[in-house]
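Engineer: Spelled out, the chains give:
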Amino acid sequence: MKPSSQLSPEAVAAPGPAIEVAPSPHLADAGQSTRRMMIDVLIALAPVTAVAIVVFRWYAVQQLAICIGTCMAAEVFFAFLRGRRAPLGDASAAVTGAILALSLPATAPWYTAFIGSLVAIGVGKAIFGGLGMNLFNPAMVGRAFVMISFAGALGAAGYQDPAGRIDVMTQATPLTAFKQSGIAADLADLFWGTTNGSLGEISAAACLVGGLYLCLRRTASWQIPFSMLAAAGLLAWLDAGLGAGGWGVWHHLCGGAMLFGAFFIATDPVSSPLTPWGKIVFGAGTGALVMLIRIFSGYPEGVMFAVLLMNALTPLINRWTIPRPFGGQ
Amino acid sequence: MTTMSDASGAAALPPKKGWRDNYLVQGWLMLTLALAFGAVLAAVQLALGPAIAANKRNETFSKVPELVWGRELAAKMAAEDQTLGIETRNLPVTQNGQTTYYRVYDAVWNGQPAGWVIQAAGQGYADRIELLLGLSPDAEQVTGLFILDQKETPGLGNKIAADPWRGQFIGKATAAPLAVVKTTADQPHQIDAITGATISSRAVTEIVNRAVADLKTELAAAAGKAAP
Amino acid sequence: MSQNQPTALERFVQGILPENPVYRQLLGMCPTLAVTNNLLSAVTMTAAVMFVLVCANLIVSLIRDLLKPHLRIVIFTLTIATFVTVADRLLAAFVYPMSKTLGPYIPLIIVNCIIICRCEVCASKQGPLVAVADGLGQSLGFGLGLASIAAVREILGTGMWFGLRILPEAWPDWVIMVLPPGAFLTFGLLLGLVNWFNARRGVKEGA
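Protein chains in written order, with the working numbering: chain U, 27 to 355; chain V, 7 to 234; chain G, -3 to 203.
Simulated from the structure, these hints should not be mistaken for lab results.
You may find that some hints are simply not true.
List of simulated lysine-lysine pairs, DSS-like, C-alpha gap at most 30 Å [stated by the list, open to error]:
# : chain 1 : residue 1 : chain 2 : residue 2
1 : V       : 69        : V       : 157
2 : V       : 157       : V       : 188
3 : V       : 178       : V       : 188
4 : G       : 200       : V       : 69
5 : G       : 96        : V       : 62
6 : V       : 157       : G       : 96
7 : V       : 82        : V       : 188
A few chain G residues that don't get close to chain V, going by computed Cβ distances all over 12 Å [said to hold, decoys possible]:
#  : residue
8  : 9
9  : 21
10 : 132
11 : 136
12 : 181
13 : 195
Virtual Cβ for every residue (Gly too), placed ideally from N, Cα, C.
Using the sequences plus the hints, can you model the full thing?
Structural biologist: Here is the structure:
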């Protein structure tokens, strides 16, 4: 394994030693490579994927297969266009595909997964210059594209399939049900994941298990999920205190894509800030935006837009939070 | 080339301010052009003004027969070259000390009131929705709905302008406010929401309800007076 | 002085591809992004721009010897504004629905840089024939740019061209393409394609 070749293809071309600029966390451990991080993410996604397959069965398998397959094919294709060897070995395309698949509803038609994957890798990543250069989280770019394009198939109504062979798919998602009819879901259902929703978001327990693994392995920095959930919880508490009954702090935290987003989407090391304080600002901003979108906008869920908006602010946050060296001015 | 020699001449004797430096003289070309262009624009306005005004009027007037009579009857009447007499009036509605005006088209056929068409507007999901609402002469029944202007999400919210959805309003009684339901409408005062565009559906229904609430009594009274 | 200036034919040809206003000069971005969600509005916009550009070029060229350097921009603007108003009234009188669709973008032609650029670069220096040829070439180039973007956006966003169905009913409309983000995406990708093509051609000619 050649760790240096994974991060900067230029480094391979240039002979001699190369100085690498890599996203945090900077560890002395030489084994810490992009490939390791990505495989860690895939391992962490396993519980979420397992729940999705148990609950949605064939639909989940199909969605995952299309997204991961298309993302990897797109990676090869765009690398070829740029005259480079496809960096499939770092598994980052597979991670993008898996996260995209898990953020789609079970009933999303095949072409949404296909187009979403192409846009995620093409517009989300390759156009900016490949892995490490992208401004926005590629999976969320792909999802936003298909979400706006095929709002009918992916919006709130897209989750329900009255003819579905699987029970949960006949229900509205908990957030939609609450937004439109004021019905609060049972907390235990939200926690274990027996409700309708995007493939990966339904079970809070599975997201927690995977997320904690990521944080303990330091593949994801704990600051982002922590501050995101804290900010969202605070706003949810204010909202619940101001009278919107039935949907309390724990509902907001366990429902929808909040946990999935906090652990797997917002923590993308490329599109989130580098500094510890920057990460806290980033997480808090994302959490606050999610709650604002949930409470005040027409959309039932806002994790995707919140993450994309904060991605756009990442360069600024990085500049504001440059740590002062000890003794420096 | 003339401008060049002018400029060099001015440079030779700098401080003296002659009549040539007067801004009116400097700008003679612009003033002449402004007058000429003004005349051209006046001519264009005189020639095209009536056509444009007619276009604007027709946009709403041409919808009135369909909204009052329904599509088939309106087409039949148009084929027989029969036209409705249409009068426009602005009705003031005062609420919380603020007066707003509704434009109301008063359709008359053979001296009898044929119905009302109200132009109403309100906030939609993306932007203002402007619509025409047809009511029976006694204002007890909705006879038609037409969306004049909307910028709702293409593919979802813009279905409010499509026939199947707005057709639901035809024949609804105005006695009770209309309500939007997400399941299949089975009560007479219920309207089916568009899948994925509940907000747009509610916005249109709200505009209709408010226009009816604001104007119903007044219109019914006016129609009663006109046809004793 | 006129010895070094391009001829009418050169001006005409230059405007279409080599100096294409949209892809090479990147001028007039507002209509390029705003009215390209279907081909019909793109073509109408092109027609309006062509009318204004040719008329303004002609008038400016006729009075070019009378222009004073410090007052020329005012006179360009005055001329352009007049013809834009005429175009706006003509559209409202004869194609009212299209005039409503294009809305503020017709009056905004006044501040379209392409026109003032052509008045300055060509019409205020060369004769009427060259100026008219230049106006025609530039507006054809503008139309080509608009139509290429509109063609992509309309076919993907609605499955139609000029409002006529091209793709089968089963085509899932890419709604984002007819919304503003679609304009930026399409324009960016097409511009990239044009640059890539030019770069390749440059390499070939160099070798």
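Engineer: Next, verify each hint and record whether it holds.
Structural biologist: Against the structure, the hints:
1. For the hint linking residue 69 of chain V to residue 157 of chain V, the alpha-carbon distance of about 20 Å falls within 30 Å, and the restraint holds.
2. Taken as a hint, the residue 157 of chain V and residue 188 of chain V pair is honoured in the structure, with Cα atoms around 22 Å apart against an allowance of 30 Å.
3. Under the criterion of a C-alpha separation no larger than 30 Å, the hint pairing residue 178 of chain V with residue 188 of chain V is consistent with the structure, at around 18 Å.
4. With a C-alpha separation of about 61 Å, the suggested pair residue 200 of chain G and residue 69 of chain V falls outside the 30 Å cut-off, and the hint is violated.
5. With a CA separation close to 10 Å, the supplied pair residue 96 of chain G and residue 62 of chain V stays within the 30 Å bound.
6. Between residue 157 of chain V and residue 96 of chain G, the direct Cα distance comes to roughly 13 Å. Compliance with the 30 Å bound is thereby established for this hinted pair.
7. A threshold of 30 Å between alpha carbons decides the hint, and for residue 82 of chain V with residue 188 of chain V the separation of about 36 Å lies outside it, so the pair is violated.
8. A cut-off of 12 Å between C-beta atoms confirms that residue 9 of chain G is not in contact with chain V; the least separation is 29 Å.
9. The Cβ of residue 21 of chain G lies farther than 12 Å from every Cβ of chain V, with a closest approach of about 27 Å, so its non-interface assignment holds.
10. No beta-carbon of chain V is positioned within 12 Å of the beta-carbon of residue 132 of chain G; the least distance is around 22 Å.
11. The Cβ of residue 136 of chain G sits about 26 Å from the closest Cβ of chain V, beyond the 12 Å cut-off, so the non-interface label holds.
12. Taking the minimum C-beta to C-beta distance to chain V, about 16 Å, the non-interface status of residue 181 of chain G holds against the 12 Å cut.
13. With a cut of 12 Å on Cβ distances, residue 195 of chain G stays outside the contact zone with chain V, its closest approach being about 36 Å.
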